[in-house]
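Chemist: Each chain is listed here by its residues.
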Amino acid sequence: MDRQKEILISVLLFAIGVVPLGIGAYIWSLPAIFIGITLAVAVLPSAYRLLRFPSLRQVSAGDVAKNVRQPHLLPLAGGMLVAFSGIDGSGKTTQADRLVESLKEQGVPAVRVWARWRPIVSYPFMGFLYMTRGWRRKDYAKISIIKRIWAYLVLIDQCVFALWNIWPHLLRGRVVCIDRYLVDQVVELKFDGLYNPNCARLFSILLPMPDETFVLDVPVTEAIERKDDTGEMLDRLGIDIDVKSYLNRRRSILLETATELEATVIDTTHPISETHAKIREKTLRRYFSSK
Amino acid sequence: MSTSPDPQYTPATRVIVDLVDPAYDGGDRTKEELDVEVVHQALQSNKFSRELLDNTPYETDAALDDRARRRTRQKRMEEVTSALNNSAIQYASIKNLRGPKVVMSDIDLLIPNASSVGQAVLTLAEADFDLYQFRLLAHPLKVMAKQSPSDSCPVDIYPDAIWMRKVVCDADIVIERANDSQLRMPALEDDLFLVATHSYSHLNIRFADIYHGVKCIASATEFDWEYLVEVAHQYGCADAMSVYLRLLDKHLMVTERNRIPEWVLDSLSNGVVPRLASRWVTDIDYPLEYPIEVPVWLANIVSSIYHSPRVARQEGLYKSYKDFQSHYLSLSSKLLLGET
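Listed in order, the protein sequences are those of chains A and B.
With the working numbering applied, the first sequence covers 1 to 291.
With the working numbering applied, the second sequence covers 1 to 340.
It is possible that part of the hints are untrue.
[As the list claims (entries may be wrong)] Think about it this way: if two alpha-carbon atoms lie no more than 20 Å apart in a straight line, the pair counts; the simulated SDA-like pairs of lysine to any residue are:
id: 1; chain 1: A; residue 1: Lys147; chain 2: A; residue 2: Ile239
id: 2; chain 1: A; residue 1: Lys282; chain 2: B; residue 2: Asn86
id: 3; chain 1: B; residue 1: Lys319; chain 2: A; residue 2: Ile37
[Claimed, not checked] Chain A is faced by these chain B residues, among others (derived, beta-carbon under 7 Å):
id: 4; residue: Ser115
id: 5; residue: Val117
id: 6; residue: Val121
id: 7; residue: Leu122
id: 8; residue: Ala125
id: 9; residue: Ala127
id: 10; residue: Leu131
id: 11; residue: Tyr132
id: 12; residue: Leu136
id: 13; residue: His139
id: 14; residue: Pro140
id: 15; residue: Val143
id: 16; residue: Gln147
id: 17; residue: Ile175
id: 18; residue: Leu329
Just so you know, these hints were derived from the structure itself, not from any lab.
Heads up, the beta-carbon is just placed ideally off N, CA and C, and yes, glycines get one too.
Bound conformation, chain B alone (with noise of 0.2 Å):
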C-alpha cells in the first residue's frame, strides 16, 4: 500500500475517490483525519449520497435524507418512463449519472419530436404535474413538470440537445442510438458526451461526472471514439470535450486503467479555442480539487467564439443567435447572482 504524497487529489477528494472507484489506491493518505464537515461538503459537492460515508469515521444521520432522495428519484423515474413507454413516445433519459449512489435531483428527458412533447406533456399533467416553462432565453418547448412547488425531483423535458440554448449535438441522433430498456438511456458516447458538454456550460465539473465518463467507456466493448471525435468539432464542442476528456484521463492514468486514445486528445485539441482550452486543463494546479471550476473566460466567452459559427452550419441563423446568447446569459448569471 502506498503512502508516498499523493499529487493527483486534495485530501477530501481524495476520500470522495476512494470511496466511489474501487480501482483507485489512495492507501494511507485516504485515512487521514479530515474535518467531518470538509468531508460531507465535498461529497455533496460532487453529487454524491452520504450513504458513501456508512461504516467510515465520517458516518452520518444525514445520509438516510440522500437515501430518501435517491429512492423518490428512482421511483419518479420508473413512474415517468413507463407512462411514456406506454403511450409509445420516443425520447432518451439523459445526464443519468452511472456513479455509485449519485444524488442527482431532477429526470431528464430528451424529446426532440414536437408532436412526442405534446404527448408527454399530456401524460404528465395526467398525472397531476403541474407544468412550467423557463422565461430567460428558454425554448419554446422546454417543459419541467413538478407534483408540488416544493417537489424536488422535476421531470425536465428537452426539446433539443440544448444547455440553455447552447446546441450539442444533433437530438434525433441521440434518440436513433438510445438503447430500447426501460429508461431508454442513450448510447454510451452520447451518454458521455452529454454530461461532458453539460459540465462544461455549467462552468463546474464535478466527480460524479468524471466517473460517469469512466463508466461509459469501461461499459463499452468497443467505445467509438470517432464519433465523439466528430461530433465534437461537428458542433464546436471539441473545447469542452478537451477539458473534460483530459480530466478524465487523467483520473484513469491514476487508477492504471486504459487511457484515452493519444490521437483522441490530439485531435480535440486542433484550432486556437479547443488549444486554450487544453492548455488551461494542463495547466491546472495541482493536487486537483474536484468541483473544478470551469473559467467563464474561457467556456462563455472564448467558446461562444468558437461554438456558435459551427452550430450556424447545423442550424438555422435563429436557432445560432440563441445559442450565442446562451453563453452570455450564464456569463451574466455568473457575474451578477453568483450561479450559473
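Just chain A, same shape as in the assembly (with noise of 0.2 Å):
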C-alpha cells in the first residue's frame, strides 16, 4: 500500500473516532461513548499498526529469551553470572572465551570478564607490611589480628571489582563468563591460611553468586605441560615451593571448595571440544529458564 493511501486511511479512521467520542461527551449516549472508546483504543491503534507495520520480525533465541527472563517491568534484571575456576593450565579462559562465542550465536548478550583477584583498598596494607617488616601475602598469616581481618579487605576489593566489572554487565541483562571468582578466592585464602568463615558468608552476602561455577579439573603433569609459567609467578610472589606440589596442594583445595559449594567439576582431559559442549549445554539450558 502507497504512503499517501496509508496517511488518507489512518486520518479518516482518527476522525471516525473522534466525532463518536465528542458526540458521547455531549449527549451523555452509553452506545456514542462505547463506539469512541472502542474506536480510540482499539480500532485507531490496531488499524494503525496494521497498515505501518510487516507483521512478522525474525529474532534470535537470545531475543526470545531475554522475554523469558524479564516478564515484569525490569529490563535490566536479566543477566546471568558463570563462574570458571580451576588451577593455572585447566582451560579457564579458552572455556570462558567458547562459551561466550556460543551465547552471542544464539543471540545471548555475553562478556568474559578476567577476574582473578586484585589488590585495590588493601594495597597501601600490603605496601606498609612489606615495607616495614618485609612481608608477602605468604606471611601474613604469622600475625593473627591480621590473619583476622585480611579476608574482609580482599572482600572490600572484590566489592570494588564487581561494582565496576561485574555489576554493569549484569544489570544490562549480559552473561558475564568469569574467569575465576568465588571458589578461586576462597582457594587462595585456604591456601595462605587466612581463610576465615565468618568474612566468607559476607561474600555471598555482598558479591553477586554465580547462577553457574564450573570447576575445571585436571591432573597436575597435564595442567604443567599445558602452562609452563607457574614457576615464575611463584618466585615472584616469593613463594619457596616447586611447581608440582604447589598446584597439587591448590587442586586438592580446590576440589574440597567445589564440593562445598556444590559447584560443577568438570574433568579438562578430554578434547576442548567435548568440554566446551557440556558447559554450553548446562548453561544455555539454565539461561533460556526463567530467573
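Using the hints, put the two standalone chains together into the complex.
Modeler: Below is the structure:
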C-alpha cells in the first residue's frame, strides 16, 4: 500500500474515532461513548499498526530468552553470572571464551571478565607491611589479627571490582562469563592460611553469586604441560615451593571447596570441544529458563 | 438410497461431506456432475486434501502436492515433538484437526510456562529453525519457527490459550488434562473447545473444524459437556461455542448420530450476546455451504462486549485490554486487508 493511501486511511480512521467521542461527551449517550472509546483504544491503534508495520520480524533465540527472563517491568534484571575456576592450565580462559562465542551465536549478549584478585583497598596495607616488615602475603598468617582481618580487605577489593566490572554487565542483561571468581578466592585464602569462615559468609551476601560455577579439573602433570609459567609466578611472589607441589595442594583445596559450594566439576582432560559442549548445554539450558 | 433434494448442504459441500464422513448418506445427490475446479476449491477451502478425490471423477494430480504437504507436516511434527519430549518440556499440541486427510499448514504448540517456552525456543534454534515474532498485538513470548523463509510448515508456540490476544481458556488446565502420548494431545473437550473458538475468532468455520468435533465426541467414552459449558461461560466464549455446536448439531442430525444434549445448547444461549449468536445460526439460509463465514458484527464487535469483561474477571486488566484490542485488530484486518 502506498504512503498516501496509508495516510488517508489513518486520517479517516482518526476522524471516525474522534467524532463519536465528542458526541458521547455531549449527549451522554452510552453507545456513542462505547463506540468512541472502542475506536480510540482498539480500532485506531490496530488499524494503524496493521498498515504501518510488517507482521513478522526475525528474532534470535536470545531475544526470546530476554522476554522469558524479564516478564515484568524490570528490564535490567535479566543477566546471568557463570564462573570458571580451576588451577593454572585447566582451560578456564579457553572455555570462558568459547562459551561467550556460543552464547553470542544464539543472540545472547555475553562478555568474559577476568577476575583474578587484584589489591585495590588492601594495596596500601600490603605496601606498609612489606616496607616495615618485609612481609609478603604468605607471611600474613603469622599474626592472628592480620589473619582475621585480611579476608575482609579482600572482600572489599572484590566488592569494588564487582561494582565496576560485574554489576554493570549484569544490569544490562548480559551473561558474564567470569574467569576465576569466588571459588578461586576461597582457595587462595585457604592456601595462604588466611581463610575466615565468618567473612566467607559475607562474600555470598555482598557479591553477585554465580548462577553456575564450573570447576575445571585437570591432573597436575597435564596442567604443567599446558602452562609453564607458574614457576615464574611463584618466584615473583616469593613462594618457596616447587610447581608440582604447589599445584597439587591447590588442586586438592579446589576440589574440596567445589564440593562444599556444590559447584559442577568438569574433567578437562577430554578434547576442548567435548568440555565446551557440556558447559554450553548446561549454561544455555539455565539461561533459557526464567530466573 | 435417498434421492430427494437434500436441504442441508450445497452440492459442493455434499461432495466433501460424502468423501469425509462415512456416516453421511448423500445418495445420488453426491453423484451430481460438478465443475472439477469447484470441488477442488471446496476441498481446499475446507482444509481437506485432494487425495480424497482419488478414484472419483474429480481425481487430480494435485493430490500428490497435498500428500507431500501432509507428509512434510507429519514428519516435522514427529521431529519437533520428540525433541521437546526429550527436553522434558510441558506442552500440548493443539488445533490438530482429527478428520481424514486434513491439510494443515502449521504445528501449534501450547506452552504456558515461560521457562518451557525458553527451552522450546532453544531446542528449535539448535535444530536450525529461524525464529520470528509477530509485530501486531503479539504476546512477547509468541514465537514462530521456520527452517527457511519459504518453509510451508512453521512451528507456532502459543504461550497462552489466545487467538491473537483473545484469551479463551486456562492454558495450564489444558496442559494438565492433555494426554502423555508422543503428540501430547489435549483432552477431547479442550481439543473441541480450542478448535471451535479458534475458527469463530477467525470468522471462518470450515467443515474440517466441524468434523473435528464429530471425532472428538465419538472418541470420548463419556464426553464432559458440563466442563465445556462451564469454561465457555467462564471465559466469555458461549457465543463462539453456541455457533459452533449448533452447526455441529446439524451435522450430527443429518448423519443420524447422537445429538448434542438440548441443555448444552440452551445453556450456551443464556445471555444477550450468546442468544444473538444462536439466532444468527438458526437463521442461516439453507442449504449450508462450508466454509461458513461468521459476520464481523457478531464475532468481533458484539463478541468484544461480551467476552472481554469476562476475561477481566479471570485475568488482569492489561490482558483484558489486549484481549479487547484483538477483536478490533481482527475487524480492521478483515475490513482493510480482506483477511483475518
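Chemist: Against this structure, judge whether each hint is valid.
Modeler: Here is what the structure says about each hint:
The hinted pair formed by Lys147/A and Ile239/A meets the criterion: a straight-line CA distance of about 18 Å does not exceed 20 Å. Between Lys282/A and Asn86/B the CA atoms are separated by roughly 15 Å; this keeps the pair inside 20 Å, and the hint holds. Under the criterion of a C-alpha separation no larger than 20 Å, the hint pairing Lys319/B with Ile37/A is consistent with the structure, at around 17 Å. Using the Cβ-Cβ criterion of 7 Å, the hint placing Ser115/B at the interface with chain A is satisfied: the shortest such distance is roughly 4 Å.
A distance limit of 7 Å between C-beta atoms decides the matter here; for Val117/B the minimum to chain A is near 6 Å, and the interface restraint holds. Satisfaction of the interface hint for Val121/B is found here, the shortest Cβ-Cβ separation to chain A being roughly 5 Å, below the 7 Å cut-off. Below 7 Å, beta-carbon pairs count as interface contacts, and Leu122/B has one with chain A at about 4 Å; its hint therefore holds. The restraint placing Ala125/B at the interface with chain A holds, with a minimum CB-CB distance near 4 Å, inside the 7 Å limit.
Because the beta carbon of Ala127/B sits about 11 Å from the nearest beta carbon in chain A, more than 7 Å, this interface hint is broken. With its C-beta approaching chain A no nearer than about 5 Å, Leu131/B sits inside the 7 Å limit, and its interface hint holds. A distance limit of 7 Å between C-beta atoms decides the matter here; for Tyr132/B the minimum to chain A is near 5 Å, and the interface restraint holds. Taking 7 Å as the C-beta cut-off, the interface hint given for Leu136/B holds, the closest approach to chain A being about 5 Å.
Look at His139/B: its Cβ only gets to about 9 Å from chain A, farther than 7 Å, so that hint breaks. The beta carbon of Pro140/B comes within 4 Å of a beta carbon in chain A, closer than 7 Å, and the hint placing it at the interface holds. The closest approach between the C-beta of Val143/B and any C-beta of chain A is roughly 6 Å, which is under the 7 Å cut-off, so the hint is satisfied. A hinted interface residue such as Gln147/B counts as satisfied when its beta carbon comes closer than 7 Å to some beta carbon of chain A; here the least separation is about 13 Å, so the hint is violated.
Proximity of Ile175/B to chain A is violated relative to the hint, the smallest CB-CB distance being about 16 Å (cut-off 7 Å). Hint on Leu329/B holds. Least Cβ distance to chain A is approximately 4 Å, under the 7 Å limit.
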